[in-house]
Every structure is written in C-alpha cells, then in structure tokens.
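Undergrad: So you can see what is in the structure, the chains are spelled out below.
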Amino acid sequence: MELTDIYLMIKKSFCELTSFKIHKEVLEVITAFSTLNNKFISVFIKVESNRIIVTDNGWIDSNTYETPSFDESEEVISKIQLNYSLTYGIKSTYDNYGVAYYYKTCDLVESIPSIVFDVANFIVGVVNSNCIQFKDEKEEKERETFRKEASDFLRIKYLTDVKFRKPLDDLKNIKFNAIINRGSNLFLITYITGSTPSYFENDLRKTIVNFEIVDKSKYRNIIKERICIINNKSEGYQPERSFVILNLLAEKSTREPIKWTEKEKILDYI
Amino acid sequence: MKECIEGKKINTEIRDKFELFEDLVNNKKIVVSNQILLKTKENNRFWLKGFSEVTHSKIDAPIYLVVEQSLREEKYGIKLKCSTLANSPFFRFDSGGPAHRNANELIPLNEQSILTPHFNTFNEKGQLIAYKTPQLSNEKESNAIVEDINFGLSHFCNVANMSLKNEDYPEVLEETPELALDLVIPTFNGAKFE
Chain A
110 MELTDIYLMI KKSFCELTSF KIHKEVLEVI TAFSTLNNKF ISVFIKVESN RIIVTDNGWI
170 DSNTYETPSF DESEEVISKI QLNYSLTYGI KSTYDNYGVA YYYKTCDLVE SIPSIVFDVA
230 NFIVGVVNSN CIQFKDEKEE KERETFRKEA SDFLRIKYLT DVKFRKPLDD LKNIKFNAII
290 NRGSNLFLIT YITGSTPSYF ENDLRKTIVN FEIVDKSKYR NIIKERICII NNKSEGYQPE
350 RSFVILNLLA EKSTREPIKW TEKEKILDYI
Chain B
5 MKECIEGKKI NTEIRDKFEL FEDLVNNKKI VVSNQILLKT KENNRFWLKG FSEVTHSKID
65 APIYLVVEQS LREEKYGIKL KCSTLANSPF FRFDSGGPAH RNANELIPLN EQSILTPHFN
125 TFNEKGQLIA YKTPQLSNEK ESNAIVEDIN FGLSHFCNVA NMSLKNEDYP EVLEETPELA
185 LDLVIPTFNG AKFE
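First to last, the protein sequences are chains A and B. This note's numbering numbers the first residue of the first sequence as 110 and each following residue consecutively. This note's numbering numbers the first residue of the second sequence as 5 and each following residue consecutively.
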C-alpha cells in the first residue's frame, strides 16, 4: 500500500465518522470528536434568516454525556471551562428550564464548519474535564487515616482537654489538628503526613506558617508548646530530601518533631 | 465501582459477576406491573420516571425495569437494574442522546460510532458496548420506536426476554398526560441567542 493510500484511507474513515440527524428545523451533527467516556460529541445547528446558531443543545449542563460527578473538582473544572470558552469564543444562554446552552453564531453558511469545529472542541474539553477525578484519592486516604490515628491517640491520652480541628479565637482562619488545654496553658499540635514527598513538604510548610502566625495571637503568652507529629511511616517522609524545610520547622516549633513511631514522647512535653 | 484499565472504563462489578449478568439479560423475566406510570422525578425536573418490579425464573434478586421520559427533549430511556449485580443499570435502551463509541481497533473506525437509538450492554471485560438491533437499523422501524415510547418498551422487552405473565407487554402511562407523550418542545426549549 502506498503511503498516500494510507492517508486517503484515514481521511475517508475520519470523514465517515461524521453523521447527522434531523430534528424538525434543527440539524444535529454527530461529530468525529469523542470523549474519555466514549461518547461522540453532537452539535446542533439552526439556520435562521439572518444568522446561523451552533449549540451544544444544553447537553453539557443537563449532563447528557453522563460524566461522573466529582464535586470537589468543581473549581478546576470551571477554570478549564473558562479557558476553553475564551479560546473558542463560546457564548452561553439559558432555556426555559434554566439549562445553559453553549453556542456560537455566524452570518455566512461558509463559516458553519469553522464554528462547528470550535463548538465541538469546546464540548470535548469540558466533557473530558468532567470525566477526570482531580482529587488524589491515595493522598486523601493517607491523610484521613493518619489524622484519625493521631487524634485517637491524643483523645485517649488527654480526654476532654483536647479539641480537634479548632482555630484560636482570634485567628479564625487557622485551624490546628489539635489544641490541648491544660491548666492555663495551650499546646498546639499539627500532624504532618503525605503519600509523596511533595504532599509531605506541603504539610511542613503549612505548619511552619501556622506556627509563625501564632506570634500575632493574643494567646501567644499562654501557648506553652508548638509541636508537630510527623508520620515517619508515610511514603512522603524523606528527611534527607526535606532537610531544609525540616530545619526551618525546628526554628518555629518548641520541640523536635515527634515521630509517629515514638509518639509516647509527647507525654514528656504535655 | 468503575476503574480505568488501558484507558477504557470498566464496570468491575459486571465483569466479576459476568455469569449472573448473562443470566439476568438472557433468561426469561416477568414484568410484574401491567402499567408503568410516569411521574416527575424528585431530583430532576427534566424527567418523568416510572418503574416495575421484574421477576426472574431462576434468580431471586430484586430487579427493576425503569422507564424515563425527557421533558426537555423528545427522547426516553429504558433500563434494567439489579443491585445484587451492580449499582448502575446492566441493560439499557436510549432513544436519543449522544452516539457511543465502541472503541476497538478491530472494528473499522467508521463503524465504531453507534448512533442513538441504541442498546447498551456489557462484554465479559466489563466494557460498555452499544449496538443496534435489526429493527433499530431499519429507518422506518427505528423512527417508529423513537416516536412511540410504548413501541420502544415492547421492543425493549422483546430484546431483553421479558413480558407480562400473559405474554403481553406492559404499557407506559403518564400521571399528567399533557406533560410528556404528546409534548411539543419548542426549538432549543425557548433559549434566546444573542
């Protein structure tokens, strides 16, 4: 087979993928663009006297492409959608049910293929972004398991003296994994873990910043200790790699980080 | 539970219980209700929904026949669910909506796109497969099925080896008849374009 024959075969197959349906005055073009969940993208075309409308027919908003729902990805998805709509010049409107229609219009019949290309590309991008779970499940699990284990340990040791995921009264935006109240003293505890070094170091940085901001609190004089519990069993724990940040942490903490395998040490301090 | 293997979405529940899946699809089933009454869906006002229990000659598991009619578009869907097998429907028919891609390099590319109306089922790997019956491949019969939900339900029952006890097929009724079956939907549901 000649190379040009291969090209012609591909061109023919690609073209034959494009199909259509007529819905009264609306033409549905089933394009050759397909999504991560194996749906082909349809665009809907209506020719009016003075312009041509090409729309998704509300299929994105009504989830006709049946993408999964990852609520926690909403922010990322809306960023992707904004980017696609700017790139392809997509506008939106609402129908009588309040369903969003994404669309483009043009004046010339000759422009239809070009705006169909834009609208179809937009739909593929948006539908695909909805197919992806952006949250790292392994990391979430790691974090949740360690948080629970560490909190259970502290609850047994300090009973009602310990409160979890609470801020200081005057720094509402900064929550600590645990605050222990003993006599007139406060002990701030943070947990550090991560399924990768990068997640682990993010936790380190967060602790450093939070411990630093505590200096602005009116309670700074009764805060006896700022201690972190490090999950040295986690995959992200690589002290050789993270030593610079660990050193910084040492400056902001009142004690050496407590390794999870030596957690009883905390009893020496609190 | 879905997982992704080589970029293809896999229904692992169906893959792991494929014998049960085959039994559920292929063996004779009885639709319990003569009439399936469509009511507005509680969580989605764009759809009417109705269902009937289904009994299986050999399997003692809760099986449901679910019928859904869109209020926004002239389309409906019919599906079979069995929670013992899987959370998602194991067999379904869509009169409208997007074409499905049967992504398989052994199928010529231009034949990988299966337009609606089509049936959705699964292969032994747990991959979702779309297909058309000979009736759906015939333009005239296909149009009749798309336009008449009761015709579609009979066809679905026939393909899925189901009927009422008396060998008839169930009938779809609406709670408020003006809502759906004779609904005239304005173009793009009245959306105004700049």
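In case anyone wonders, no lab produced these hints; they're calculated from the structure. As the structure is a prediction and not an experimental result, all values here were calculated from the model. Keep in mind that a hint or two might mislead.
[As the list claims (entries may be wrong)] Calculated cross-link-like contacts (lysine-lysine; reagent style BS3-like; alpha-carbon spacing at most 30 Å):
(1) A:Lys133 with B:Lys144
(2) A:Lys247 with B:Lys21
(3) B:Lys21 with A:Lys188
(4) A:Lys266 with A:Lys121
(5) A:Lys130 with B:Lys83
(6) A:Lys281 with A:Lys200
(7) A:Lys247 with B:Lys13
(8) A:Lys257 with A:Lys200
(9) A:Lys244 with B:Lys79
(10) B:Lys53 with A:Lys188
(11) B:Lys83 with A:Lys188
(12) A:Lys133 with B:Lys21
(13) B:Lys13 with A:Lys133
(14) A:Lys155 with B:Lys13
(15) A:Lys368 with B:Lys13
(16) B:Lys83 with A:Lys133
(17) B:Lys53 with A:Lys250
(18) B:Lys144 with A:Lys250
(19) A:Lys188 with A:Lys133
(20) A:Lys200 with B:Lys196
(21) A:Lys155 with B:Lys79
(22) A:Lys188 with B:Lys136
(23) A:Lys130 with B:Lys21
(24) B:Lys136 with A:Lys120
(25) A:Lys121 with B:Lys13
(26) A:Lys155 with B:Lys62
(27) B:Lys21 with A:Lys155
(28) A:Lys133 with B:Lys45
(29) A:Lys121 with B:Lys136
Undergrad: Among all the numbered hints in the text so far, which are the ones the structure does not match?
TA: Numbers 3, 4, 6, 8, 9, 10, 11, 12, 13, 14, 15, 17, 18, 19, 22, 23, 26, 27, in rising order.
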